[in-house]
Amino acid sequence: MRKRAAALCGAAVVMAGTFTAVPAEASAPGTANTVQTPELTWKSCATDNYPTLQCASLKVPLDHGRPHGEQITLALSRVPHTARTYQGPLLVNPGGPGGSGLTLAGFVASSLPAEVAAQYDVIGFDPRGVGSSKPALDCGPGHFAPVRPDSLPTTPAIEKANLDRARSFAAACGKKYGHLLPYINTTSAARDMDAIRQALGAKKINYFGYSYGTYLGAVYATFFPERVRRLVLDSVVDPADVWYEANLNQDVAFNDRHRAFLAWVAKNDATYGLGTDPERIEAEWYAMRAALARKPADGTVGASELEDTFIPGGYYNGYWPGLAEAFAAYVNDKDSEPLVEAYENFGAVDASGDNGYSVYTSVQCRDAHWPRDWRQWRKDNWAVYDKAPFMTWSNAWYNAPCAFWPTDSLRPVNVANGKLPPALLFQATGDAATPYEGAVTAHRLLARSSLVVEEGGGNHGVTLSGNACLDQHLAAYLTDGIVPRGHGEADAVCEALPDPEPAAATAEAAKASSNGSALHGLLGFRH
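Just add 946 to wherever you are in the sequence shown, counting from 1, and you've got this note's numbering.
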């Protein structure tokens, strides 16, 4: 599936109290004039890491077609601008769907160059149904509690057990939130963003979205192109594959990424002692999976939980050392304790995860058509499994509630757009969660956009995580609206960061790993 870029081109203090004055519109850089906006009352919600973070809430219509009908509440966050030059609000979204964006505002504001962040009010938000927004969805508390049925449906009984779980989750969502579900979708979330813009008193917004947040941003830009000032999309969803096909495409890409991890383990045989042949190491991994299917580690980590534990390694290679250590301990020392610990760190789902998954399914199942005939799922997923066994069935069951979802589906939004100012897209060539081809498609559909490619990179979410070349393009765009212009598939190409060492060998490597880990702790579910 891999295509390669065709062208090389070139000290804070806690702010306590209440804040009602917010900057006026910033369709062009200006001075920090303020206006009163009674819709928003900002209060300090500072943390140790983000001491200037403020929070507010905003009521929006459940149904934007009935603006005076039932209202729901969105939770917002803000890091205020401090520079005299003010470029307006920069809304940020971590993806998912189902990811909370409140803390992401603090991360983005502290990770951008200080002189760039100072020119923006960085605005985070929990989309409808998520986190601190109300009501927050939780269809099936403990849905991912271990030990779940093996994801691989090798017998009718295993398949039935997984189907029963998916069907019951969908039914629980319908029973608890039936009147909400028709309005938990990307188009409603995009209209919420415009309500946020209005409450901020801005004629235009700037937007920075990761992962699923790239699709949300593209949909907003389709609805309101005249209200977009700058648009940054990092790790780009293929807008032509929403959502059933996108998940099948992910399976192949994640299998490739898992094999890249196993090749890295082979390269570091001196540390992990699992051999130097990636194929033999892959066989050991599947043998471990089979053993855990028979006897879960500590009564907690079965085959499905093992997949939950290792899938995050497909998103971010900073997790590879910890995963490799757990793998090696289980195989070489018959010690499952590190594997259980890795599951708790990377795979276990808490209450916020239950909420995120509830919103994930609600949005994906409503956004687009999914097959209602399980025979179609069975046929398609076995065909993909034959060439990509690592995540195929885990991903199928993750999305299987959509086969039984209690609402009908909408049509995906055609995001082709010739009315936008230049947008800036970032993409790693080996990204598994949003494969490279999707960014190429979005680049083509968003006229005047520029695509910056991380050549040879495999992580998902690549800006503000240690690659100075990517971040220079981001800073130039947010400062002056500058985008690179090339003549091939990509407008600019940056070299990927090296894969991690078994232990961070230098201060620079440790810093890059810290940045990446912080970002990946904030990114949303699956997309």
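None of these hints come from the bench; they were simulated from the model.
All values reported here derive from a predicted model rather than from experimental measurement.
Each residue gets a CB set at the ideal place from its N, CA and C atoms; glycine is no exception.
Errors might be hidden in some of the hints.
Said to hold, decoys possible - Below, in silico cross-link-like pairs of lysine-lysine (DSBU-like), each with a Cα-Cα straight-line distance of 35 Å or less:
| id | residue 1 | residue 2 |
| --- | --- | --- |
| 1 | Lys1005 | Lys1149 |
| 2 | Lys1080 | Lys1005 |
| 3 | Lys1121 | Lys1325 |
| 4 | Lys1149 | Lys1241 |
| 5 | Lys1150 | Lys1365 |
| 6 | Lys1106 | Lys1005 |
Stated by the list, open to error - Taking CB as the label site, the calculated pair distances span:
| id | residue 1 | residue 2 | range |
| --- | --- | --- | --- |
| 7 | Ile1104 | Ala1449 | 51 to 61 Å |
| 8 | Ile1428 | Arg1390 | 52 to 62 Å |
| 9 | Ser990 | Gly1299 | 36 to 46 Å |
| 10 | Gly1221 | Ile1104 | 23 to 33 Å |
| 11 | Pro997 | Lys1213 | 11 to 21 Å |
| 12 | Ile1428 | Lys1080 | 32 to 42 Å |
| 13 | Pro1087 | Ala1233 | 45 to 55 Å |
| 14 | Asn1291 | Pro997 | 20 to 30 Å |
| 15 | Pro1102 | Pro1013 | 47 to 57 Å |
| 16 | Val1093 | Glu1225 | 36 to 46 Å |
| 17 | Pro1087 | Gly1245 | 45 to 55 Å |
| 18 | Asp1215 | Lys1080 | 48 to 58 Å |
| 19 | Ser1460 | Glu1016 | 40 to 50 Å |
| 20 | Pro1013 | Glu1447 | 19 to 29 Å |
Can the suggested window of 36 to 46 Å be confirmed for the beta-carbon pair Ser990 and Gly1299?
violated, 27 Å
Is it true that Gly1221 and Ile1104 lie within 23 to 33 Å of each other by Cβ?
Distance hint for Gly1221, Ile1104 holds at roughly 31 Å.
Within 45 to 55 Å or not, the Cβ separation of Pro1087 and Gly1245?
Because 20 Å falls outside the window, the suggested range is violated.
For the pair we were handed, Lys1080 and Lys1005, check the Cα-Cα distance against 35 Å.
holds, 9 Å
Cβ-Cβ distance between Pro997 and Lys1213: within 11 to 21 Å?
violated, 41 Å
Take the C-beta atom of Val1093 and the C-beta atom of Glu1225, compute their distance, and say whether it sits inside 36 to 46 Å.
violated, 29 Å
For the pair Pro1013 and Glu1447, does the Cβ-Cβ distance stay inside 19 to 29 Å?
violated, 55 Å
Range hint 51 to 61 Å (beta carbons of Ile1104 and Ala1449) holds or violated
violated, 39 Å
Could you see if the CB distance from Asp1215 to Lys1080 stays within 48 to 58 Å?
holds, 52 Å
Tell me if the straight-line CA distance from Lys1121 to Lys1325 falls inside 35 Å.
Holds - the C-alpha atoms of Lys1325 and Lys1121 are around 30 Å apart, at most 35 Å.
Confirm or reject the claim that Ser1460 and Glu1016 have a C-beta distance inside 40 to 50 Å.
This hint holds: roughly 43 Å between Cβ atoms.
Whether the CB-CB distance between Asn1291 and Pro997 falls inside 20 to 30 Å
holds, 27 Å
Hint compliance for this structure: hints 4, 6, 7, 8, 9, 11, 13, 16, 17 and 20 are broken, all remaining hints hold.
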